[in-house]
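Colleague: Those sequence lines, one after another, are chains A and B.
Heads up: the first sequence begins at 173 in our numbering, then just goes up one per residue.
Heads up: the second sequence begins at 55 in our numbering, then just goes up one per residue.
Computed Cβ-Cβ distance ranges for the label pairs, DEER-style: (1) B:Thr240 <-> A:Ala878: 42 to 50 Å; (2) A:Ala878 <-> B:Ser242: 39 to 47 Å; (3) A:Gly241 <-> B:Ala71: 28 to 36 Å; (4) A:Gln361 <-> B:Glu96: 40 to 48 Å; (5) A:Thr269 <-> B:Asp353: 48 to 56 Å; (6) B:Glu56 <-> A:Glu808: 20 to 28 Å; (7) B:Asn161 <-> A:Val571: 31 to 39 Å.
When the alpha-carbon atoms are kept at most 25 Å apart in a straight line, the in silico DSS-like pairs for lysine-lysine are as follows: (8) A:Lys432 <-> A:Lys203; (9) B:Lys307 <-> A:Lys572; (10) B:Lys201 <-> A:Lys572; (11) B:Lys307 <-> B:Lys279.
Far from chain A, by Cβ distances over 12 Å, these chain B residues were calculated: (12) Val61; (13) Pro272; (14) Gln345.
Everything labelled a hint here was simulated from the structure, so no lab data went into it.
For each residue, glycine too, the CB sits at the ideal point set by N, CA and C.
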Amino acid sequence: MASWGEASESRLIGKRIPRLSGRDKVTGKAKYTFDINRPGMLYGRILRSEIAHANVVGVDLSEAEALPGVKAVIQIVEVGNKIRYQGQEIAAVAAETDDIAKDAIRLIHVDLEELPHVVTEADAMAEDAPQIRDDWAGNQSNPNVREEGDLEGGFAQAAVEVEATYHAPVQTHVCLETHGNVAEWEDEQNLTVWASTQGVFGVRNDLAGSFNLPANQVRVITEHMGGGFGSKFGPGVEGRRVAELARITGRPVKLMLTRKAEHLVAGNRPSMTQHVRAGATGDGRLIAYDMKGHGTGGISSGAGFQAPYVYDVPNLRTERVNVAVNVGNQRAMRAPGHPQGAFAMDSLMDELAEKLGMNPLEFRRINDPSEVRQAQYTLGAQEIGWHRRNSVPGAGTGVKKRGMGVGSGQWGGGGGRGTQARVTINSDGTVEAVTGTQDIGTGIRTAIAIIVAEEFGLAPTDIMVTVGDSGPGLPSGGSGGSQTTASVAPVIKTAAAAAKQKLFERIAPQLNAPVGDLRVGNRTIYVVSDRTKTIKWELATGQLGMDSISEGGEWDEELRQGGVAGTQFAEVEVDTEIGEVRVIKIVAVQDCGLAINRLTTESQINGGVIMGLGQALLEERLMDALTGRMLNANLEDYKVPGTFEIPEIKSIVFDTHRKVTGIGEPPCIPTPGAIANAVYNAIGVRVRELPITPDKILTALAEKKA
Amino acid sequence: MEKFSYVNATSLEQVTALLSDSGWGEVMLIAGGTDLLAELKEYVETPKTLINLKTLPGMDAIEADASGLKIGALATVADIARHPTIQQHYTVLAQAAGSVATPQIRNVGTLGGNLCQRPRCWYYRDENTHCLKKGGDICYAVDGLSKYHAILGGDPVYIVHPSDLAPALIALGASLKIVGPEGEKTMSLEEFFTLPAANPFRENVLEPNEIVVEVQVPPAKPNSKSFYLKAREKGAPDFALASVAAVFEMDGKTCKSASVVLGGVAPAPWRSKEAEAALTGKMVDDTVSKQAGADAVKDAQPLNDNAYKVTLTQNLISRAAMMATS
Ligand SMILES: Cc1cc2nc3c(=O)[nH]c(=O)nc-3n(C[C@@H](O)[C@@H](O)[C@H](O)COP(=O)(O)OP(=O)(O)OC[C@H]3O[C@@H](n4cnc5c(N)ncnc54)[C@H](O)[C@@H]3O)c2cc1C
Ligand code: SF4
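The shape of chain A in the complex, shown without the other chains (with noise of 0.2 Å):
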């Protein structure tokens, strides 16, 4: 039975290895989509609707066609569709230069009936809002309701009950390196694509189905990606669109999304927003929870939350609807429904605590069925000193008031088949791991650098890995659900073990001894049962000459696991006058199986706790009722955390098993909800809306007063 061994026995797997891309990345070495420039490359650009909800009465190019420098201008809406959110795609245009792709498309007139539009959820909830779906009656979804156990009974079973309602605004992903992509074709049948993907394949699939081309005439490479969180999955409108442009004019085009429309067509998480009813028992058990709740994912559906979460409720009804706008849809974002509903359910957790004169770990700790996370509110507790924390919330004197809290997540992320993968001895004594999966940030290339190097005894650096690429034609799963690591490791695994058995099966008779007896270790084959009998790697692979081994991999459901727990405590500290809340310090106690690679799986530990810290303090998409439009689709009032706001972060790798799973996406899970804890604890006041800036804490500061 494959297994990855003992942790004794791993000279790499496991250990903290510095990222291979990394000083490329910070050098600007590192090619990502955007840097791509072709021989010959236009410029592509998307006009797009500025009303909300309109009737297209017409569209004429033709100016826009005769601007000097404009190579192909195409209609993406007809006569009579309709426009139904800012940022709606209208038309397309290729130029010599992004500045005259920019000026064309101002040349294109668009003639709209505006129809009245809803922006806010409350608009669209109101009783007289215009309908803006078809197909739904109103402007909200069927219910979907789930009833467990007895909630009337339950509820009668209780000693405290809170009653509350929490709210998540929509977050975008704000990707730094927006959407978009470089289109070439190499003739009528041959199309390639420098794409900021998640998923090189899932692109050139449907890129080919889009061209009528069979699939592997279209080749599709991200060698390195600015960031998805979600977003990146297929070409999108502006993929298809640039490879159209591309075809028309015979040359190559780029076309990268606009910071704003990045935040207006590119995906969001939706918001959420829920009214709970919950009650314990006075020996502290979870026992009734009725929850209300709907969530807007812009004009489609989608806006699903995690209620209630990660705890056991034996009796509860829940009941959510989808609310639509006139906004660009949602995506997945980074744990999708996820932080938000943790974020309510801890936040609830903490009150009914508070009813029951309990600690709100101990309240946990009842109603937790996750032995894994109890062993990690031990862990984390002590890291952040958790009995230094305010008994009475709000306790501290002074203007600048300390507090804690406690947060939890839950996430999948076992991986699944669909990769292929090739491992490759060359006679140089060079190797070579080649797969379809690709590098969007999480460091899978030097994971599978570090596999191959482990299994031929060589240094990561020794193995050259290609991935983001679909031209080799080894598939392998889009980068979503945390499952690129455990999709992708086990099938390198075997494959670099096909490969050595090969390599030995060539060298055993040389050695005189059963192949089964050859073990490598320190650029040398040698034989385990007489240690006098050795070759130097080189020597060896030498003798291969022209027939170089290629093996391929094979998925095993032995190397990886799914299911992963994980628990932060978050200390923060609020200045009372201005309302500013700074967070001290984080501790993410994040289960991950085994982790390949310590140093890049803290790091995404440390990136999905900054995200956390963002939408707990900061982000928050503002639409206009009256224009339609979003206010900060930019980055100077769509505020990310920056270097000020990063706290200190203690990242625990909490190994539980020594199988794959993937943390990609939950380490922002339990963040928000720990840092509004936190801020309770601190000042005494809840605030049960995100983002938590200086206006809500001093409207909550100020209402305790009065």
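Based on these hints, arrange chain B with the ligands on the given structure of chain A.
Modeller: For chain B with the ligands alone, kept in the frame of chain A given last:
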């Protein structure tokens, strides 16, 4: 952005001659460009000609002597922040400069540009929203989202003046040297800024054919203490939710004179005569400083989303006053 022609300035005469008669918006001045470029890129401004001031010789000097400070309009925000005399004797100004934007922007953004920068209001910065400031019919902030808007002196336009340097300089009693076709004039910086009731379209009295060339600051008084306190949502870059520039002349814990100018709360830097009166001649303690804060905002008229600024401003003022006592 639209196409424009670009002229390197060679002399003030040349600049005012190029500016004259064109009115606002046809010919524009560019210094560091950190504000203007964003307006051009968003098509909020579409000038035909840009005059690059950076080629004017000597206008970036900072002179500090017994007669006070003279800062050329082209001095960068970073130059001001790190100037040793300013740090020591005009602390409020160094602190204000240090709080501006980011190192990159401070390195290119100039004093003149900082004082003449345009509003950050999100309706104003959206090409497609034709609000009152741009000659339209309504101020969208009144019924729209107004978290960052004015609580004082608003009507009919509720922008806040974005400059951090202006409140600090006004608190220090600075004046401004302006050159126009008729020559040079000097006016107090406080009077340079105007409220929308007087002119909803501009934030100051500069004429379209004039240029700001220098700021002069009188010598710092002995025993004076000054502070710039800026509240923001994020460390950097972020404009002030509210800020206080305060200069106090202290005799022990007694405040002999106070100069308190607010940023981020009104369409112009806002001198709080009420706070000054509440502090002047008083032994400053918790009660007095709180009173000063409360007096400063008693006429505040918040919009839908910015009532928090009333408390915030009040608290910043009392904090600044208490800092003067220690
Ligand atoms: C991300 C970001 C954050 C920022 N944060 C802050 C902040 O926290 N605090 C703050 O105060 N500012 C902030 N700013 C504004 C920043 O642009 C100014 O601080 C800077 O000093 C402007 O100087 P400039 O030379 O770049 O101006 P420019 O962009 O060159 O000019 C601005 C305006 O002034 C006019 N002008 C320039 N010089 C003169 C002159 N000599 N005479 C007459 N008119 C003139 C121009 O015509 C233009 O209309 C920020 C800007 C950005 C982009
Ligand atoms: S505050 Fe001024 S700039 Fe903003 S919408 Fe109102 S009038 Fe326009």
